[in-house]
Amino acid sequence: MSKGIHFEQSITELEEIVRQLEKGELSLEESLKQFEKGISLARRCQNALNQAEQKIETLTGTDSNIELDSDEQTSD
Numbered sequence: 001m002s003k004g005i006h007f008e009q010s011i012t013e014l015e016e017i018v019r020q021l022e023k024g025e026l027s028l029e030e031s032l033k034q035f036e037k038g039i040s041l042a043r044r045c046q047n048a049l050n051q052a053e054q055k056i057e058t059l060t061g062t063d064s065n066i067e068l069d070s071d072e073q074t075s076d
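1 is the number of the first residue of the sequence shown in the numbering used here; add one for each residue after it.
By construction, these hints were calculated from the structure, which means they are not laboratory data. Don't be surprised by glycine CBs; every beta carbon is placed ideally from N, CA and C. Don't take every hint at face value.
[What the hints assert, rightly or not] Cβ-Cβ distance ranges computed for the label pairs, FRET-style:
1. 57 x 27: 41 to 47 Å
2. 36 x 58: 29 to 35 Å
3. 59 x 20: 36 to 42 Å
4. 52 x 23: 27 to 33 Å
5. 60 x 32: 38 to 44 Å
6. 8 x 33: 22 to 28 Å
7. 29 x 59: 42 to 48 Å
8. 33 x 9: 15 to 21 Å
9. 37 x 5: 15 to 21 Å
10. 24 x 59: 41 to 47 Å
11. 62 x 34: 36 to 42 Å
12. 43 x 19: 18 to 24 Å
13. 6 x 58: 19 to 25 Å
14. 59 x 26: 39 to 45 Å
Start from the sequences and build out the full structure, keeping to the hints where you can.
Shown next as structure tokens:
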């Protein structure tokens with residue numbers, strides 16, 4: 001559960017960095033510092049998503065192609 005909390009905190013922090021950069025009120029130096037921090041957070045979040053996807057694939061025994069049972073499939 002703590003990984004989920006860290007993921008959510010990272011997303012929130014990344015969103016705040018984007019807002020600051022979009023305002024355009026930071027100095028060049030501070031903008032670069034925030035951009036670098038944002039890239040690091042984005043990579044961390046992407047890694048967490050990749051790990052979650054791998055875990056789901058392992059648990060479901062698929063490679064992102066989950067097939068529905070015939071009872072779950074709908075037709076027109």
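Going through the hints against the structure:
The beta-carbon spacing between residue 57 and residue 27, approximately 44 Å, falls within the hinted interval of 41 to 47 Å. Between residue 36 and residue 58 the beta carbon distance is about 33 Å. The supplied range of 29 to 35 Å therefore holds. Separation of residue 59 from residue 20 is about 38 Å and conforms to the stated range, judged on CB atoms against 36 to 42 Å. The hint said 27 to 33 Å for the Cβ distance between residue 52 and residue 23, and at roughly 32 Å that hint holds.
Here the CB-CB span from residue 60 to residue 32 is close to 42 Å, well matched to the stated 38 to 44 Å. Range check, residue 8 to residue 33: about 23 Å between beta-carbon atoms, so the 22 to 28 Å window is met. Roughly 46 Å separates the CB atoms of residue 29 and residue 59, a value that falls within the hinted 42 to 48 Å. About 19 Å separates the C-beta atoms of residue 33 and residue 9, a value consistent with the hinted range of 15 to 21 Å.
Here the CB-CB span from residue 37 to residue 5 is close to 19 Å, well matched to the stated 15 to 21 Å. At about 45 Å, the CB distance of residue 24 to residue 59 agrees with the hint of 41 to 47 Å. Between residue 62 and residue 34 the Cβ separation comes to about 39 Å, which falls inside the hinted range of 36 to 42 Å. Here the CB-CB span from residue 43 to residue 19 is close to 20 Å, well matched to the stated 18 to 24 Å.
Taken as a hint, the range 19 to 25 Å holds for the pair residue 6 and residue 58, whose Cβ atoms sit roughly 21 Å apart. For the hinted restraint 39 to 45 Å between residue 59 and residue 26, the CB-CB distance of approximately 43 Å keeps it satisfied.
In this structure, every one of the numbered hints holds.
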